[in-house]
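J.: So you can see what is in the structure, the chains are spelled out below.
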Amino acid sequence: SAVISQKPSRDICQRGTSLTIQCQVDSQVTMMFWYRQQPGQSLTLIATANQGSEATYESGFVIDKFPISRPNLTFSTLTVSNLSPEDSSIYLCSVSPTVASTDTQYFGPGTRLTVL
Amino acid sequence: AQSVTQLDSQVPVFEEAPVELRCNYSSSVSVYLFWYVQYPNQGLQLLLKYLSGSTLVKGINGFEAEFNKSQTSFHLRKPSVHISDTAEYFCAVTFPFSGGYNKLIFGAGTRLAVHP
Chain A
61 SAVISQKPSR DICQRGTSLT IQCQVDSQVT MMFWYRQQPG QSLTLIATAN
111 QGSEATYESG FVIDKFPISR PNLTFSTLTV SNLSPEDSSI YLCSVSPTVA
161 STDTQYFGPG TRLTVL
Chain B
295 AQSVTQLDSQ VPVFEEAPVE LRCNYSSSVS VYLFWYVQYP NQGLQLLLKY
345 LSGSTLVKGI NGFEAEFNKS QTSFHLRKPS VHISDTAEYF CAVTFPFSGG
395 YNKLIFGAGT RLAVHP
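Same order as they appear, the protein sequences are chains A and B. Just so you know, we're using the numbering used here here: the first sequence kicks off at 61 and counts up by one. Just so you know, we're using the numbering used here here: the second sequence kicks off at 295 and counts up by one.
Hints in this document: simulated from the structure, not taken from any laboratory. Among the hints, a few may not be true.
Mimicking DSS-like on lysine-lysine, the simulated pairs with C-alpha atoms at most 27 Å apart in a straight line are [claimed, not checked]:
hint, chain 1, residue 1, chain 2, residue 2
1, B, Lys397, B, Lys352
2, B, Lys363, B, Lys397
3, B, Lys397, A, Lys125
4, B, Lys343, B, Lys397
5, B, Lys397, A, Lys67
6, B, Lys363, B, Lys343
Construct the complete structure from the given sequences, taking the supplied hints into account.
T.: This is how it looks when you write it as structure tokens:
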């Protein structure tokens, strides 16, 4: 299994600002994912972060709003830009050792964002 | 399009009683199936997964699930619950031939509330 940490664990931000969330894994992994969990709802995949290439975004999510970096095999960042109250959610990072669909995804503890 | 339906948003149950959390999926292709648990203010933890073989899958914390292909279901069961099982439970699917990355599609979640 993988141990994943996220920073910050929670934050309160003003409308129009940005927040960058860090995800650190204790081992090298091929796949890193970013999910959003809106209040009382399920998880929605934002994007898949690939080391050495552009992130792959899901329908409804764009790079200008959610820029992602993946500088190496153990670290990724998600920035939520131009914040609005609708961005108030929990953002979770997950990892998978390989690209295989049989691999378990391991999740970080999440970052709880509140936008005022 | 593939989807996951968790039929109960909330399940209240008394301690030491049995419980079943229902999950149905819709897919025209083979799937891999997962159950995750999310304790309050934490990330997701894998309970169990079905890839192939025996349709009865045993997981951690005394949980098990049965894959039923004809009914496209993957219900989660536990014969005797504890207060500590109070959490949100998510069913998820991914696909064996997903183009090189294992995207998870989640159900809406079921909140299990165990009462003394």
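J.: Now tell me, hint by hint, if it's right for this structure.
T.: Okay, the hints, checked on the actual structure:
no.	hint	result
1	B:Lys397 <-> B:Lys352	holds, 23 Å
2	B:Lys363 <-> B:Lys397	holds, 21 Å
3	B:Lys397 <-> A:Lys125	holds, 21 Å
4	B:Lys343 <-> B:Lys397	holds, 15 Å
5	B:Lys397 <-> A:Lys67	holds, 24 Å
6	B:Lys363 <-> B:Lys343	holds, 15 Å
Figure legend: structure checked against the earlier numbered hints; every hint is met.
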